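Undergrad: Use the sequences and the hints to build the structure in full.
Protein chains: 2
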Amino acid sequence: MEGKGAAGVKTKVVQTAGKHSPFEDASRGLPIPVCRIFLSDDGKIQPVDFKETDVKLECRDYTRTMQVFPRTMARNNCIVLEAVRSASPPDIEGKRVAVLFSGGPAAGGHNVLAGLKAVLGKKNSLFGIRKGPKGLIKGDLFEITESSVQEIINTGGFDFLGTDRTKIKSREQFEQVRETVVRNKLDGIIIVGGDDSNTNAAFIAEYLETEGIECSVIGIPKTIDGDMAVGSYLPISFGFDTATKVYSELVGNLAQDAASAVKYYHFVKLMGRTASKITLEVALQTKPCIALISEEIAEKNMSLDDIVDHIVKVITLRRLKGINHGVILVPEGLVEFIPEMRRLIKELNHVLAEYEADIRDLPTLKNKQEFIYPRLSAQSAQLMASLPEEIEEMLILDRDEHGNVKVSQIETEKLLIEKIRYKVSELKRHPHKYFGKGEGQIDATPEEIETIKGISLSTQSHFLGYEGRSAKPTAFDAAFTFLLGLTAGSLVLAGKTGYMAAITDFDKGGRILALPLAGLITSELRKGKEELVIEKSLVETTSPSFKIFEENRERWAEEDLFSNPGPIQHWGPTSRQLPIIVSLDQGYDDFLHFDLGEERKLTFD
Amino acid sequence: MEGKGAAGVKTKVVQTAGKHSPFEDASRGLPIPVCRIFLSDDGKIQPVDFKETDVKLECRDYTRTMQVFPRTMARNNCIVLEAVRSASPPDIEGKRVAVLFSGGPAAGGHNVLAGLKAVLGKKNSLFGIRKGPKGLIKGDLFEITESSVQEIINTGGFDFLGTDRTKIKSREQFEQVRETVVRNKLDGIIIVGGDDSNTNAAFIAEYLETEGIECSVIGIPKTIDGDMAVGSYLPISFGFDTATKVYSELVGNLAQDAASAVKYYHFVKLMGRTASKITLEVALQTKPCIALISEEIAEKNMSLDDIVDHIVKVITLRRLKGINHGVILVPEGLVEFIPEMRRLIKELNHVLAEYEADIRDLPTLKNKQEFIYPRLSAQSAQLMASLPEEIEEMLILDRDEHGNVKVSQIETEKLLIEKIRYKVSELKRHPHKYFGKGEGQIDATPEEIETIKGISLSTQSHFLGYEGRSAKPTAFDAAFTFLLGLTAGSLVLAGKTGYMAAITDFDKGGRILALPLAGLITSELRKGKEELVIEKSLVETTSPSFKIFEENRERWAEEDLFSNPGPIQHWGPTSRQLPIIVSLDQGYDDFLHFDLGEERKLTFD
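So the protein lines, in turn, are chains A and B. Using the working numbering, the final residue of the first sequence is 605, and nothing's skipped along the way. Using the working numbering, the final residue of the second sequence is 605, and nothing's skipped along the way.
Hints are supplied without guarantee of correctness; some may be wrong.
[Claimed, not checked] Ranges of calculated distance between the beta carbons of each label pair, as one might list FRET restraints:
1. A:E559 with B:E392: 41 to 49 angstroms
2. A:R429 with B:E393: 24 to 32 angstroms
3. B:E558 with A:L362: 41 to 49 angstroms
4. B:G212 with A:P446: 29 to 37 angstroms
5. B:S523 with A:P446: 46 to 54 angstroms
6. B:S386 with A:D398: 24 to 32 angstroms
7. A:E447 with B:S386: 35 to 43 angstroms
Hints were generated in silico from the structure; no laboratory data involved. Since we're looking at a predicted model, the values are computed, not measured. All residues carry an ideal CB built from backbone N, CA and C; glycine is no exception.
TA: This is the structure we're talking about:
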């Protein structure tokens with residue numbers, strides 16, 4: 001069968017190894033828009049200046065902020081800065097800037113490096129810190145060259161530097177960071193990360209300032225969850241657009257498949273520990289029959305049974321219309337937003353901590369249960385007893401390093417499926433309870449009830465997470481991150497510290513801002529201890545994006561109105577889209593196009 | 001926060017419901033190539049004529065074929081037909097043709113309908129059969145209009161007609177099919193399906209011929225598994241290209257993510273019950289550190305332990321190079337290709353059948369085990385006892401409707417993960433067994449061994465299947481299916497029956513063929529009964545595609561050489577690719593471009 005051409009194809013297959021697929025090679029050449037203020041008269045990239053706006057960021061606990069960040073406050077006063085085009089940028093040279101990735105990967109990290117490299121130019125040096133904050137502590141740096149930037153531009157992942165989740169907290173760690181800064185004569189550290197990492201950046205900035213070391217610390221807002229966002233100053237963090245578009249492609253495909261095979265309900269758990277923004281965006285992109293939004297469930301104080309009842313009702317109403325398939329979206333963090341589950345977990349953590357040794361000594365699971373149940377409140381005991389066996393077992397046996405229940409490991413979608421199956425069969429055995437003209441009952445004829453009894457429920461469960469974090473960035477994320485890099489580099493060159501780079505007005509050329517990190521940090525009590533953190537931006541049930549979902553979801557539940565946004569396109573008419581929730585909540589005219597400046601191919605000439 | 005534009009975006013979001021995302025709307029307008037022989041002098045689509053080639057398809061059991069399909073044989077003589085351009089196509093009118101989808105969805109089904117509609121033209125009628133073979137039996141038909149074709153063209157899924165898996169076998173079912181044909185005055189039935197469905201098509205063709213009913217029965221080769229293929233006459237079935245490209249996108253993303261987060265091994269099970277073609281194609285697209293190929297494992301008579309040892313060795317060699325992450329591909333059907341597992345399942349099925357009532361009566365799993373173990377061979381008993389608890393429980397308790405072990409439900413990726421974890425910890429406790437200079441041992445210094453002992457194994461498991469079946473077809477699948485529709489319609493208009501539409505020479509304009517179905521069917525013994533089926537096309541370990549994988553996999557195992565083929569592009573420089581295994585095995589010069597004729601937008605004027 002081997003023809004004359006096989007040798008050629010063979011060579012090509014081998015050559016594509018190591019990130020040189022035809023797609024990857026073509027992607028590297030894709031142009032990136034650049035806001036006009038970053039361009040010199042002859043069209044070259046140059047740093048911007050910053051001027052103070054009249055906006056002061058004051059978080060909930062402003063007096064506490066002043067206590068914790070006295071030096072930063074004295075310098076920045078929590079004022080938002082806005083970038084302006086520099087008429088004649090000073091010829092800065094010899095600056096040494098290092099950058100690290102922190103936490104889970106998000107699409108566009110490599111373009112942050114490209115932006116930094118482009119704005120620092122040939123006269124300053126950019127260093128990469130290997131494997132995240134741990135590398136900063138260890139001083140594991142290497143110089144990033146122009147040719148390596150050409151190699152990574154527009155590619156996904158954080159693999160050029162690696163990442164980790166170390167939190168810099170102890171005195172010793174801060175001293176090690178200082179050591180790294182001094183030894184490497186760094187003028188700037190760029191921390192690419194989420195809320196925890198940007199909180200870290202604020203503390204490092206304050207620490208270096210206190211130590212009298214002139215080194216800018218600048219944060220860059222990254223998280224696929226979209227919960228690093230600051231109203232109209234920073235509509236979203238980078239990585240959200242790409243991740244939600246990967247998930248929307250797959251959910252759209254599953255909806256199409258469900259309608260084709262006409263037998264499955266696909267339960268899709270979507271990554272996102274806290275905010276349900278990913279789920280809301282994917283729902284607006286794909287119109288599934290159900291999408292659970294954690295924030296709404298907490299606000300309405302819904303129980304697990306309420307949620308199960310709602311899903312079973314939708315499934316039954318669809319059956320009455322002859323539809324026995326669909327897609328149900330479940331946010332990963334759901335369990336912690338169900339008030340009664342939250343209570344149960346809190347009580348369990350308390351019992352497990354107080355009687356740790358006793359419980360450990362009991363030989364069987366049954367013994368442990370006999371010991372734990374009397375120590376819970378009656379409501380929590382009843383709830384725990386009603387959970388599927390594996391979930392109960394997991395709650396009792398699996399603990400994290402602090403001895404707490406591993407909430408993130410709870411297989412929420414399987415918990416729901418099991419409880420829904422039970423309720424669906426109950427509905428068949430006791431139809432009079434569920435069908436009728438009473439409140440909350442479903443109105444159906446005896447024939448319809450008989451038909452429904454004959455229908456079986458087939459389910460499939462999915463978890464979408466890792467496959468969306470390291471995809472090649474969408475055109476939007478590619479531009480957003482490149483511009484964040486240009487902004488962060490400009491902030492270092494301008495000698496600013498304790499800021500987070502930010503961009504807004506994605507629909508009209510982009511507006512470049514710097515947000516004072518200290519102004520974003522609030523004081524929270526967590527397990528009885530004060531924790532200073534950047535507040536997460538959650539789904540607001542009063543926001544335009546939630547309202548549009550709320551107004552339409554009943555139709556999407558009762559009919560098959562899904563749409564498939566397709567795979568992310570990097571060429572062609574649909575390749576310039578924005579996240580729908582951003583477009584809605586920011587009041588843009590359109591989600592089909594963004595405008596972040598003039599498109600140009602990155603070169604280093 | 002609601003701005004002036006939100007109303008506009010809101011309207012757009014609502015308008016996209018019901019398959020009108022910007023992507024879906026743009027996709028409908030994408031041009032499709034049409035082979036020149038289907039074009040009239042003035043560029044309109046017209047049916048082709050067919051001439052006999054000198055190729056006769058003779059399967060393994062030719063005499064049996066002659067017995068089973070005497071009428072079809074008398075008519076077709078198992079000769080392959082080739083399409084030729086019709087100089088002056090006869091003006092055929094009033095023909096009534098019906099089409100159905102059978103089995104799991106595959107991308108491009110809707111374009112088959114578009115091709116049929118285009119070639120039948122305004123003077124003949126096309127009917128859709130609802131919900132697969134069941135709809136043919138029940139006579140559930142509706143006329144497909146031009147406007148509905150404009151709505152579904154280039155969209156994924158089978159949802160316009162639906163599908164099911166009914167096999168038409170009984171006398172009564174065949175009579176019901178005749179009834180449908182006669183009542184609806186059908187001149188042709190097009191069956192879009194896999195090996196079973198095309199076998200069905202052959203039997204229906206023979207039956208109708210025997211009954212003296214002039215109605216063409218034509219099959220169309222569909223299956224994402226790629227196992228409906230006939231050497232150089234039909235290099236692949238439709239849907240394979242799209243499904244493997246969706247899976248390759250996700251595997252590429254996971255590889256990128258693994259290299260970024262630097263801690264996980266992702267075990268990815270890929271759909272495909274029998275052939276490992278999907279796994280081979282995805283491996284050539286992405287270069288994972290390991291890809292298991294079932295056909296090779298069967299050929300080499302590898303045991304479960306051999307496979308586990310191999311994976312642990314690769315993981316350890318990577319650790320020696322400082323790599324502690326990667327992607328491992330596992331074909332869904334693997335278990336049945338491991339000879340010892342196959343034996344165990346066979347023995348278990350035998351015991352479960354013979355002692356069904358005894359086993360059912362035993363109250364606990366332990367009792368059942370005590371009963372079953374002495375009745376297995378020692379080897380099988382030992383193997384079963386070494387399996388993880390849940391797998392053993394599943395083997396004993398879960399049966400299909402025939403009382404057999406549900407092989408397809410075995411969570412192979414989890415079985416492997418569990419056994420690998422065990423072996424990795426054994427390697428830490430007994431390093432002398434695994435490290436050293438002996439055969440099969442790993443050569444490492446004492447320091448390296450200590451380092452390896454400190455590394456933990458984190459795994460994630462994934463199953464990729466449903467998300468790839470109903471995606472929008474790739475440019476290749478969109479063209480392939482449209483042309484298959486044109487071919488099948490032409491065969492009906494030419495009064496041919498018992499053929500499968502086929503296309504080959506994807507690299508040079510396309511060559512249109514018709515393969516005699518009876519010539520593809522062989523006689524197999526399954527559970528002691530003769531079964532007449534189309535032989536599945538499996539991975540051949542002598543094929544160029546397997547050889548290139550074999551030559552390169554060691555490098556891909558020892559270094560991180562993955563590549564990410566990206567999401568399927570429908571516009572731009574990478575949107576015209578072919579499956580790599582097809583390009584290799586057919587001896588094409590290239591996998592970056594196909595040539596199936598002149599691109600044109602479908603219109604019905």
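Undergrad: For each hint, tell me whether it holds in the structure or not.
TA: Quick rundown of the hints versus the structure:
Our hint of 41 to 49 angstroms for E559 (chain A) and E392 (chain B) holds, since their Cβ atoms are close to 45 angstroms apart. In this structure the hint that R429 (chain A) and E393 (chain B) lie 24 to 32 angstroms apart at CB holds, the actual value being about 27 angstroms. Distance hint check for E558 (chain B) and L362 (chain A): the Cβ-Cβ separation is about 47 angstroms, which falls inside the suggested range of 41 to 49 angstroms. Distance hint check: the CB atoms of G212 (chain B) and P446 (chain A) are about 47 angstroms apart, inconsistent with the given range 29 to 37 angstroms.
In this structure, S523 (chain B) and P446 (chain A) meet the distance hint of 46 to 54 angstroms, their C-beta atoms being roughly 51 angstroms apart. For the pair S386 (chain B) and D398 (chain A), the supplied restraint of 24 to 32 angstroms holds, since their beta-carbon distance comes to about 25 angstroms. Separation of E447 (chain A) from S386 (chain B) is about 53 angstroms and departs from the stated range, judged on CB atoms against 35 to 43 angstroms.
This entry does not satisfy hints 4, 7, going by the numbered hints stated previously.
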